[in-house]
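Undergrad: Here are the chains, one letter per residue:
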Amino acid sequence: MPVEHLVILGAILFCIGLFVVLTRKNAIAVLIGVELMLNASNINLVAFSHFDPDLLQGQVFALFVITVAAAEAAVALAIVVKVYQYFQTADLDKISELKG
Amino acid sequence: MIELKDLLAPNAFDPLIYWILALFAFPLLSFFTTGLLKDKASVWSSLLLGINTCISGYIAVTYWGEMGTSLKGTWFEIGGTVFNYSFLLDNAALIMLVIVNFISLLVHIFSAEYMRHDKAKPRYYAFLGLFTFSMLGIVLFHNLLFIFIFWELVGLSSYLLIGFWFEKKSASLAANKAFIMNRIGDLGFLTGLMILYTQFETLDLGAIEFMMGESQIEDGNWVVTYFSNGKEVIHVLDGRWLSAAGIALFCGAVGKSAQFPLQIWLPDAMEGPTPVSALIHAATMVAAGVFMLSRVFVLLDAQALEVIAIVGAITALMAAVAALSQFDIKKVLAYSTVSQLGYMVLAMGVGAYDAGLFHLFTHAFFKAGLFLSAGIIIHQLHGLESEGVKFNTQDMRVMGGLKQHLPITFACFVICSLSLAGLPGFSGFLSKEAILINTHAWSVEKGGGYYLIELMAFATVILTAFYIMRAVMLVFTGKFRLPELTGVSDIAGKLKEGNRTLLIPVVILALLSLSFAFGSTFDAETSWLHKAVETPSGAMVPTKYAAVGQAEMLESAGADHIWLAVVSIGLALAGIIAALLIYKPGAKLAEAFDSKREPVSPLVQVSFYHWYQDVLYTKVILKFILTQSKMLAWFDEKILDGCVNLLARTQVVVAHLTGMFDRYIIDGFVHLTAFTSGKVGQLTRSIQTGNVQTYILSAIAMLIMLLLWFAF
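Listed in order, the protein sequences are those of chains A and G. Convert by adding 44 to the 1-based position in the first sequence; the result is the number in my numbering. Convert by adding 284 to the 1-based position in the second sequence; the result is the number in my numbering.
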């Protein structure tokens, strides 16, 4: 399987994640988008570890990213919960306190 | 060569200073404390004055001597200039001291009854104290600066007392008049002081006299050389300044001693209470002028003396004429005072220092006596006034026949009148005689037109005798005119003699108007009082300018003593007899007197209106000044104010323009800046939507653009 396919898969996944992040109204959905984008990068890391068969640095790094993503998800969900408690909504269009 | 500092050096301590301070302290204490008392004011201030009189008597006896005792000290020093004070107690000062205190005391006692019902009695006594205090300053000090200070105080206190009943318009006007007339004279006095100070750098009279003796006339210049703080100074003034100084000093006396042309304040000063008039006319105020002249006598040169003599003679005659036709008894006496002061000044002018002072002393007693007698009459007549009956208590037209009602007053008044008229046996005769002899000698010495002065002096004798006898006849003889005028027939019965408080001072003064009080009956030369004041033997002014000495003049004129005495007695008798005949009871003029009104014939008007002097001043000087003031006011209002207003208006216009520039240009820039910032802010804030996704979108877009930038 050539690396190009994997990279294209990662790009497609990243674009889907970005689309989700940019278009979804719900904060949870945006978080899901972020997870997609993280995993797209993981695919890239794993794909490029093909060129490093001895050390497999890319794969190890992908493990790290998954760990950090888990932590990120925990923190982000906590924030979302708090935001929901404060604004009584998770709709991002309605949370525009910083509007100039 | 003289050192100025040595002349002004204080002398050794003399306990006399305590006595002098005491003399000042008692009247001043009276001035400050009587205001706090009410009914006791008269007793308290009379007591203080009594103590003062005792002190002055004691000092007079102790220091009676030829040379006089002088006392000097430093007042203060500015740089090298020493201002000192000095007292001189010579015989003249001692006599004045006693007279001032004594007459003031009598006036105090008299006033106790006279002012009994006046509510402002404490104020009255306070002013009397101030008056006495100020007069004592003039008498005791021998420094022109101090004399001037007390001179002004005398002016002030006379102003306060003349205007004592200030609620009367006429009284306050009279007080103003007296004050203003005196100010005019004082201006002259001040000028004299300045001339003397310029030349001698001091106002101490002793020092001035000494340096005047050292000064010389060189080429018509008045030169004096002395050391001032070790430096030799030579002061050169035109010789005419010497005469000017004398005349300027005399101007002060003209104001204060009511001489022509400033004498018009004195008759008006009758608005004050009568005892005050007695004080002003006898011991204080008018005496101050003559006394000051005697103090500066040795500094007067021939020309100044001549002016003084002429002014004195004119005053004497004018006032005597004015006294002839007055209705008001106090006015008669006032003009008489002016006339007698003219005599004193004339005496000073002809170089008869001794005669002038002698007349001042004798006049003090008989004139105070006359005024206080008139005061009794006025006071007793005032007692007759009631709700329905009002009349002018000073008007001789309401009097007449008072001899029966007021016998003691009558006797005193007659004695003082005869003394004034100058009959032998009375004090006035002695002093007037001395003046006439000296005037005669002076006229002989000068010759020519100067006989006119002598003629005026003698004419005044007959006029004096006439007017005072006229007053005596109109007041005391004939029938009492008041009942007829008021229509109340029993009013005459109520008129009683004054009580003891009123009579005692008058009787004392009448007794002192007899010539035996002064130890002589016919010849002034033998009187102890006359001997006490010697004419200084020669003036201090440089010989070229000095007048002929009195002694030489008397000798060269060959003084026809007896002949002159006979003439003057004859004239006085003629005046008296004329008055007796014209105004004897039943005579035409005496009978018609109550219906007399202001005169219409121009000749009598001259007398009645005092030579139209008042009118002249009002019509000419006053009018001139008022017109001038109005012109100045116009100039001030239109031109000066116009300029100021124009300037102000220009300022306002400029200010408006500046305001507009400020508002539109400067503020415009500021607003523009603010507006621009606002717009920019508005533009930029729209970027901040607050929507997270928009931020991310733009970040991604930027990233892509950045990548594209790097890629190509």
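It cannot be assumed that every hint is accurate.
Facing chain A, according to a computed beta carbon distance under 10 Å, are these residues of chain G, among others [claimed, not checked]: (1) T509; (2) S512; (3) N513; (4) R969; (5) G974; (6) N975; (7) V976; (8) T978; (9) I980; (10) L981; (11) I984.
No wet-lab data here; the hints were simulated from the structure. Even glycine gets a Cβ: it sits at the ideal position worked out from N, Cα and C.
Undergrad: For every hint, state whether the structure bears it out.
TA: Going through the hints against the structure:
1. T509: violated (100 Å)
2. S512: Violated, because the Cβ-Cβ distance from S512 of chain G to chain A comes to roughly 92 Å (cut-off 10 Å).
3. N513: Result: violated, 90 Å to nearest chain A Cβ.
4. R969: With a minimum Cβ separation of about 3 Å from chain A (threshold 10 Å), the hint on R969 of chain G holds.
5. G974: holds (3 Å)
6. N975: holds (5 Å)
7. V976: Since chain A brings a Cβ to about 6 Å from V976 of chain G, closer than 10 Å, the hint holds.
8. T978: Since chain A brings a Cβ to about 9 Å from T978 of chain G, closer than 10 Å, the hint holds.
9. I980: Because about 6 Å separates I980 of chain G from the closest Cβ in chain A, which is inside the 10 Å limit, the hint holds.
10. L981: holds (6 Å)
11. I984: holds (7 Å)
In this structure, the hints that do not hold are numbers 1, 2 and 3, in rising order.
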